[in-house]
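Taken in sequence, the protein lines are chains A and B.
Okay, so the first sequence: first residue is 1 according to our numbering, each after it adds one.
Okay, so the second sequence: first residue is 1 according to our numbering, each after it adds one.
These are computed hints drawn from the structure, not numbers from a lab.
Nothing here was measured: the structure is a model prediction, and the numbers come from that model.
Glycine included, every Cβ here is placed at the ideal spot set by N, Cα and C.
Which chain A residues face chain B? A few, computed with CB under 10 Å, are given here:
| hint | residue |
| --- | --- |
| 1 | Leu-54 |
| 2 | Asp-55 |
| 3 | Glu-62 |
| 4 | Ala-68 |
| 5 | Gln-69 |
| 6 | Asn-70 |
| 7 | Ile-71 |
| 8 | Asn-72 |
| 9 | Phe-73 |
| 10 | Gly-74 |
| 11 | Asn-79 |
Number of protein chains: 2
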Amino acid sequence: MQALNPTTPSGNPATASEATALAAAAPGWSCSERPPSLFRRFEFASYAQTRAFLDRLAELQESSGVTAQNINFGRTYVNVTLSAMGAALSPAEYALAAELGRLATA
Amino acid sequence: MQALNPTTPSGNPATASEATALAAAAPGWSCSERPPSLFRRFEFASYAQTRAFLDRLAELQESSGVTAQNINFGRTYVNVTLSAMGAALSPAEYALAAELGRLATA
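Pulled out of the complex, with its shape left as it was, chain A reads as follows:
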């Protein structure tokens, strides 16, 4: 059966059941299928908090090797889009999503 979330060996993708478990560990993100991506908006009380989040995000990208496809920010918000590097999202993208969620509420 052709799944909504197609997988190929090259992308080291999550299976559908893995994806469900991984998504549960990264609450607050919305998931798109085409292209496979995760999106979340983070809001902050001040520009200083926004900057601190962006700095930690940059560090996490460097340590995880996952680079957000797009980051859109203003004084008090950051919109993050994590896209699949292969045909489907991999555990690495979900892990970064979960970590960013923990960071924003820390």
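With chain A fixed as given, assemble chain B onto it according to the hints.
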């Protein structure tokens, strides 16, 4: 005469002739009237160069007191939108635009 680029005392805006001179000092930016804003896309060869530009941009925002209304970036590009804090763009926004242009070509 009502200019295309309306001004009010509160925003410390540039006059039309000042704006022309200031815009000439910040080449490569496109200027919108409604809302008054400057936009430019910067492209880089690597994520490391993109990060370096973003870090300098953050420093310039802090030193100038002008915060971009929106910054949108991915691995090798940064889109910057500078909006007027008052009714029209002020010399401060044009100065930041010019400095970012110099930085990108340095």
